[in-house]
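Trainee: Below, each chain spelled out in residue letters.
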Amino acid sequence: MILTPALQNTFLFAEPQKHYINYGSVVLHDIVSKNRQAGQIITELIGDDANADRIKQELATIQPIVFCLIAHGNINVVSCECTQKLFDTSSTDLNLLADKICSLTSCLTAVNLGPAIMDAGAVVYTGYKTEFWFYIGDDPGTTRAVNSPFLAEFVFVGSLLRGKTAGDARADQLLKYDEEINYWISGDGKNQTDAMELSRILEMNKTNSVFLGEGSIAPSPRASVLAAGISPILMFPLGLLAVGYFIYKELR
Amino acid sequence: MSKELISRWYEKLSDAEKNLPLLIVGGVAYTPRAVYDEVMRDSPIGNQLQALVERGSFGTSYSDEQSIAKLRLTEIMRTKPEKPLFATLSGKVFTPSELLQEIQNDTDVGRQWVENEASHMRRIVSVR
Numbered sequence: 001m002i003l004t005p006a007l008q009n010t011f012l013f014a015e016p017q018k019h020y021i022n023y024g025s026v027v028l029h030d031i032v033s034k035n036r037q038a039g040q041i042i043t044e045l046i047g048d049d050a051n052a053d054r055i056k057q058e059l060a061t062i063q064p065i066v067f068c069l070i071a072h073g074n075i076n077v078v079s080c081e082c083t084q085k086l087f088d089t090s091s092t093d094l095n096l097l098a099d100k101i102c103s104l105t106s107c108l109t110a111v112n113l114g115p116a117i118m119d120a121g122a123v124v125y126t127g128y129k130t131e132f133w134f135y136i137g138d139d140p141g142t143t144r145a146v147n148s149p150f151l152a153e154f155v156f157v158g159s160l161l162r163g164k165t166a167g168d169a170r171a172d173q174l175l176k177y178d179e180e181i182n183y184w185i186s187g188d189g190k191n192q193t194d195a196m197e198l199s200r201i202l203e204m205n206k207t208n209s210v211f212l213g214e215g216s217i218a219p220s221p222r223a224s225v226l227a228a229g230i231s232p233i234l235m236f237p238l239g240l241l242a243v244g245y246f247i248y249k250e251l252r
Numbered sequence: 001m002s003k004e005l006i007s008r009w010y011e012k013l014s015d016a017e018k019n020l021p022l023l024i025v026g027g028v029a030y031t032p033r034a035v036y037d038e039v040m041r042d043s044p045i046g047n048q049l050q051a052l053v054e055r056g057s058f059g060t061s062y063s064d065e066q067s068i069a070k071l072r073l074t075e076i077m078r079t080k081p082e083k084p085l086f087a088t089l090s091g092k093v094f095t096p097s098e099l100l101q102e103i104q105n106d107t108d109v110g111r112q113w114v115e116n117e118a119s120h121m122r123r124i125v126s127v128r
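So the sequences go chain by chain: V and P. The opening position of the first sequence corresponds to residue 1 in the numbering used here, with each subsequent residue numbered one higher. The opening position of the second sequence corresponds to residue 1 in the numbering used here, with each subsequent residue numbered one higher.
Worth flagging that the hints you see were computed from the coordinates, not collected in a lab. All residues carry an ideal CB built from backbone N, CA and C; glycine is no exception. Not one of these hints is a red herring.
Here are a few chain V residues that face chain P, going by a calculated C-beta distance under 8 Å:
hint: 1; residue: Tyr20
hint: 2; residue: His72
hint: 3; residue: Leu108
hint: 4; residue: Thr130
hint: 5; residue: Phe134
hint: 6; residue: Tyr135
hint: 7; residue: Ile136
hint: 8; residue: Ile185
hint: 9; residue: Ser186
hint: 10; residue: Ala195
hint: 11; residue: Met196
hint: 12; residue: Glu197
hint: 13; residue: Arg200
hint: 14; residue: Glu203
Construct the entire structure; sequences and hints are all you get.
Mentor: Set out below in structure tokens:
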């Protein structure tokens with residue numbers, strides 16, 4: 001398969017629902033909604049659409065610069081909806097991830113699969129070297145307690161959507177981990193019934209999170225950067241439109 | 001050296017955290033509540049406990065640290081309802097008693113929680 005280079009401002013999110021994955025995918029969906037910017041091409045594969053064939057087809061056709069998946073995994077494998085295998089360390093199509101920022105919210109993939117993804121040409125990989133823990137004491141999306149581990153995790157893609165570099169997005173993610181940990185240890189959440197579990201879950205996830213690759217890459221340049229990239233041929237009519245708009249406003 | 005620091009430290013902790021064993025002096029484990037009481041009474045042991053909090057240290061060997069970590073986790077899990085509360089993205093789901101079993105059997109999952117609990121204790125002593 002011949003692949004074209006990954007395209008800036010193009011994002012692919014895979015959000016399975018079954019086997020408790022909905023605890024994370026509802027938070028991811030919300031973070032995408034809140035952080036998406038005008039001009040971005042965003043594809044979300046939700047539930048049954050987050051299957052291996054569809055994800056690989058989208059990776060090949062839309063060539064997203066960011067691929068974000070929440071799913072079950074282990075040291076060699078990451079899955080998708082209903083624990084169907086998506087990639088393993090011996091997959092011949094790991095090159096689908098070349099040029100991309102790959103954020104795998106999953107257990108253990110940083111041990112073998114993450115490095116294999118980098119070897120296949122990805123520019124950034126994020127994931128976890130041991131278990132990623134979360135709390136299921138309430139229904140998905142209903143309380144700070146069930147959302148908290150994912151609020152910290154998905155700050156990374158939220159910051160990428162807002163135009164930050166991968167390195168700055170990673171820094172934001174680590175800060176959010178500290179913010180959530182402090183909330184449950186000594187902040188407003190400290191006396192809630194599930195505070196003891198949440199602080200420990202977040203500490204473990206923070207300790208075990210892994211970032212590999214190039215921190216300076218920005219998948220979705222800020223508006224000012226985008227404007228600088230507009231062709232000079234387009235700048236003149238755009239300027240005329242702006243002047244016309246102000247004249248129209250003045251004359252009304 | 002001030003009682004104020006101990007007072008502020010104590011007040012920042014959650015009610016549940018105040019009752020978990022944390023600092024070791026002379027082979028005895030003290031909860032933050034006991035630390036606070038001893039320091040406010042100006043007892044000799046209170047001075048030693050205060051020094052540990054000020055240094056952000058809990059003064060014990062690795063094996064004692066692991067034992068206290070397990071004891072703390074046991075006390076936490078015993079207060080929780082027996083239903084699935086913990087899940088991982090490798091497909092594991094645990095009730096509090098199942099997680100305690102992992103800790104007692106020293107499995108990979110159990111060791112992860114115990115090692116983290118030791119780090120958590122350092123964090124608690126250092127709360128300011």
